[in-house]
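Chains H and F are the protein sequences, given in the same order.
Take 1 as the starting number for the first sequence in the numbering used here and just add one per residue.
Take 412 as the starting number for the second sequence in the numbering used here and just add one per residue.
By construction, these hints were calculated from the structure, which means they are not laboratory data.
Don't take each hint at face value.
Pairs of lysine-lysine residues, derived as BS3-like cross-links and limited to a Cα-Cα distance of at most 25 Å, are as follows [what the hints assert, rightly or not]:
(1) H/Lys153 x H/Lys176
(2) H/Lys101 x F/Lys631
(3) F/Lys732 x H/Lys186
(4) H/Lys153 x H/Lys139
(5) H/Lys237 x H/Lys101
(6) H/Lys86 x H/Lys59
(7) H/Lys229 x F/Lys631
(8) H/Lys101 x F/Lys732
(9) H/Lys139 x H/Lys86
(10) F/Lys631 x H/Lys237
(11) H/Lys269 x H/Lys237
(12) H/Lys269 x H/Lys101
(13) H/Lys229 x F/Lys732
(14) F/Lys584 x H/Lys101
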Amino acid sequence: MSLVALSELLGATVRDAHGTVHGRVREIAVAPQDHPTRVAYLVVRTPEGDRTLMAEAVKSCGSTVRTGEGTPLEPCSPSDGVLLLKRDLLDQQIIDVHGRKVVRVNDVEIESTPVNNHVVLNVVSVNVGARGAIRRLCKGVVPRRTLRALLEKIPAQDIPWQYVDLLETDPARRVKLKIAYEGLAKLHPADIADIVEDLPPAEREAVFETIDEEVAAETLEELDPDVKKSIIESLDKDRVADIVEEMDPDAAADLLGDLQAEHSGEILKEMEPEERDEVTQLLEFGEHTAAGRMTTQYIAVPNTVRVDAAIEALKRFEGGREALSTIYLIGPGQTLTGSVSLVRIATSLPGDRLADLSEPSVSCAPDTPQDEVAALFDKYNLITLAVVDEHGRLAGIITADDVITMLRHRD
Amino acid sequence: MKFIGKGWRNRLVMLLAVVGPGFITANVDNDAGGIFTYSQAGAQFGYVLLWTMIPITIALVVVQEMASRMGAVTGKGLSDLIREEFGFRLTFFVMLALVITNFGNVVAEFAGIASSMELFGLSRYIVVPVAAFVVWLMVVRGTYDSIEKIFLTASAFYVCYIIAGVLAQPDWKAAAFATVTRPQAAGIRNYGYVYMVIALVGTTIAPWMQFYLQASIVEKGVTARQYRASRWDVIIGCIFTDVVAWFIIVACAATLYAAGHHDIADAADAAQALRPLAGQWASLLFAAGLFNASLFAASILPISTAYAVCEGLGFESGLDKKFHEAPVFYWLYTLLIVLGAGVLLIPRLPLVTVLVASQVVNGILLPFVLVFMLILTNDREVMGEYINSRLFNNVAWVTVIVMIVLTLALTVRPG
Chain H
1 MSLVALSELL
11 GATVRDAHGT
21 VHGRVREIAV
31 APQDHPTRVA
41 YLVVRTPEGD
51 RTLMAEAVKS
61 CGSTVRTGEG
71 TPLEPCSPSD
81 GVLLLKRDLL
91 DQQIIDVHGR
101 KVVRVNDVEI
111 ESTPVNNHVV
121 LNVVSVNVGA
131 RGAIRRLCKG
141 VVPRRTLRAL
151 LEKIPAQDIP
161 WQYVDLLETD
171 PARRVKLKIA
181 YEGLAKLHPA
191 DIADIVEDLP
201 PAEREAVFET
211 IDEEVAAETL
221 EELDPDVKKS
231 IIESLDKDRV
241 ADIVEEMDPD
251 AAADLLGDLQ
261 AEHSGEILKE
271 MEPEERDEVT
281 QLLEFGEHTA
291 AGRMTTQYIA
301 VPNTVRVDAA
311 IEALKRFEGG
321 REALSTIYLI
331 GPGQTLTGSV
341 SLVRIATSLP
351 GDRLADLSEP
361 SVSCAPDTPQ
371 DEVAALFDKY
381 NLITLAVVDE
391 HGRLAGIITA
401 DDVITMLRHR
411 D
Chain F
412 MKFIGKGWRN
422 RLVMLLAVVG
432 PGFITANVDN
442 DAGGIFTYSQ
452 AGAQFGYVLL
462 WTMIPITIAL
472 VVVQEMASRM
482 GAVTGKGLSD
492 LIREEFGFRL
502 TFFVMLALVI
512 TNFGNVVAEF
522 AGIASSMELF
532 GLSRYIVVPV
542 AAFVVWLMVV
552 RGTYDSIEKI
562 FLTASAFYVC
572 YIIAGVLAQP
582 DWKAAAFATV
592 TRPQAAGIRN
602 YGYVYMVIAL
612 VGTTIAPWMQ
622 FYLQASIVEK
632 GVTARQYRAS
642 RWDVIIGCIF
652 TDVVAWFIIV
662 ACAATLYAAG
672 HHDIADAADA
682 AQALRPLAGQ
692 WASLLFAAGL
702 FNASLFAASI
712 LPISTAYAVC
722 EGLGFESGLD
732 KKFHEAPVFY
742 WLYTLLIVLG
752 AGVLLIPRLP
762 LVTVLVASQV
772 VNGILLPFVL
782 VFMLILTNDR
792 EVMGEYINSR
802 LFNNVAWVTV
812 IVMIVLTLAL
822 TVRPG
């Protein structure tokens with residue numbers, strides 16, 4: 001078992017059992033649908049044109065690739081379901097899932113394992129550090145032996161193949177290659193957002209087309225406003241509607257508010273009626289007021305119920321976690337009568353009446369400017385703030401995370 | 412930005428639509444190297460070199476348009492594309508050449524800062540280190556974005572050259588004739604003439620501008636569909652650059668050359684061109700304009716070089732990274748500034764000679780960068796339907812060949 005670099009294999013002479021030279025290696029192909037890492041074939045440039053050398057026919061490889069008896073070179077037939085290591089991987093950008101960043105491939109490490117009478121070639125890692133860079137810079141200039149010795153001294157910066165997510169912009173090919181951005185989807189949305197911001201537009205779009213809608217929604221909320229807007233504009237409107245439905249209504253309203261009215265209208269049309277109504281309602285308020293910042297996903301229960309009913313309501317709640325910290329109590333006609341914190345619920349008995357646990361609730365009017373909203377959070381040390389209309393009815397709540405975002409972006 | 416009212420935002424968008432990446436690049440193009448090269452051309456040759464302006468403008472439009480089109484279509488920087496299409500080794504040498512050339516340009520910018528402040532009697536041994544530190548800090552702290560508008564506004568200084576050019580009462584007929592006349596073939600045997608032509612092309616179509624412009628287009632998120640508007644931004648920017656260049660040459664020809672003052676040795680000499688406008692205040696005006704132009708370009712050049720190199724070679728880059736996360740990026744950026752400024756501390760360094768020489772190096776690198784750009788903009792896999800038209804290819808190839816011939820003429824017949 002030994003490691004060989006892609007840059008060493010490319011350009012290597014291909015000899016058969018008798019030592020006759022047939023050509024030079026031009027490209028190495030992996031067929032991910034058959035095996036995720038195994039080299040399927042080599043493309044060899046011969047005087048008669050490009051030929052395919054099946055990987056099973058390779059006896060040994062390094063600076064020379066030796067094949068078995070006869071000349072098992074077949075005419076080349078282009079196939080788009082394969083990953084060509086030189087064209088698709090070398091020098092391209094990939095996502096290092098483990099390091100959570102976008103990197104450029106300097107070289108690819110291939111492991112050759114002798115099996116029976118031939119070798120099996122497997123892609124094990126990609127090199128993104130100085131070792132691959134210097135190897136390619138010095139290849140053919142510095143004697144092979146000297147180069148090897150020199151490279152030993154340089155620390156390898158390799159990313160194991162299982163932590164690599166390829167960026168493939170063509171949807172048809174992506175499906176064939178079975179690229180699903182599996183590693184990426186497991187990351188925290190904030191990390192995905194950082195990665196996405198480092199990518200060119202076509203790759204951004206590709207990421208958003210393949211990751212799960214819920215993850216896409218959370219990632220979108222973390223993105224820089226300009227990047228967010230350009231992604232939304234590039235995606236199909238059905239897809240956008242699916243993602244927007246997964247977002248918190250306040251974030252969704254913010255996003256749609258930044259788009260051209262015509263475009264946001266089209267997206268709204270594609271959304272489920274329930275989510276659409278929530279978002280439309282929020283869109284009507286000014287962006288920089290309490291109503292523009294609030295979400296309509298909160299927990300409210302009648303002020304007559306007991307703690308066990310509140311716990312039931314908590315269990316059924318599907319909105320964001322930020323909204324969970326407070327349970328609002330409403331009287332007849334949806335009027336806000338008080339609130340109970342999650343801590344009080346947790347420390348009370350199931351039979352306690354919520355009205356007895358209630359604290360007077362701080363609230364503000366829908367048209368309160370956002371600076372005053374921030375001041376209220378500061379003054380009363382709030383986690384959530386209720387927004388009530390002129391009739392005293394609970395319209396929505398503002399959560400602390402929105403206030404932090406707002407303060408951070410105020411310039 | 413998010414919390415500024417809608418009306419304000421719309422107005423800002425309108426403003427930015429006019430002052431796009433093309434226009435900003437055009438302004439940075441008239442940097443210290445530019446001002447001195449144009450001045451020297453006018454002082455040394457009078458109206459003779461004005462013929463270069465029309466071909467240079469055409470070539471500049473074509474080249475800048477290619478860079479911005481590549482940026483809009485691919486969403487990638489020029490160094491990214493060179494790396495992806497030409498592999499590591501070629502990218503390495505292009506980046507090496509770019510670093511060396513841009514180092515020359517950084518030196519030129521600090522030379523501009525030094526010579527402008529010497530007109531105020533300030534020693535370069537104090538001014539240059541302070542300026543270097545200010546530039547370094549401004550970019551690292553992220554204050555550059557807010558200062559860019561100030562630089563841009565102060566670039567209105569170039570209008571002074573237009574006014575001075577008019578007030579100097581040049582021989583308009585001779586100037587106009589020199590602009591459209593055919594160059595003398597004998598010129599190629601004159602070393603000084605060839606040197607100056609290369610410097611003029613090199614300073615106007617500087618290689619680093621193509622990297623910078625393409626990166627700005629990408630950063631601004633211009634897409635292939637919105638590209639038409641950007642094209643006008645680029646064309647107007649190019650024409651602006653060269654109209655200013657034309658007037659600098661004319662102003663210098665009408666004042667310095669006419670007075671028999673054929674060699675600009677320092678900023679005080681160059682400032683004489685503004686005398687028809689500002690009289691005894693000419694030095695002051697020139698110093699302020701040169702200082703702004705130099706500081707503007709000095710803030711952009713090192714950071715854009717660091718970005719281009721790190722992206723091409725695959726090193727971590729970005730000001731949002733910590734020093735230990737992106738060491739190559741920060742070291743390259745810091746060394747370009749420290750060493751670039753350091754050169755200026757060499758006693759009795761002839762500033763104007765250094766300034767013009769750095770532009771000649773630009774001119775020598777230009778054809779190589781252009782060849783890469785041409786191959787890329789003709790590649791259907793990269794550009795899709797937006798590949799070059801034949802007219803563009805012709806203009807660009809002629810530029811490449813002319814620059815190679817001129818460079819050879821320079822090396823074959825030294826002196």
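Taking the earlier hints as the rules, which of them does this structure contradict? Hint check: 1, 5, 12, 14 fail, others pass.
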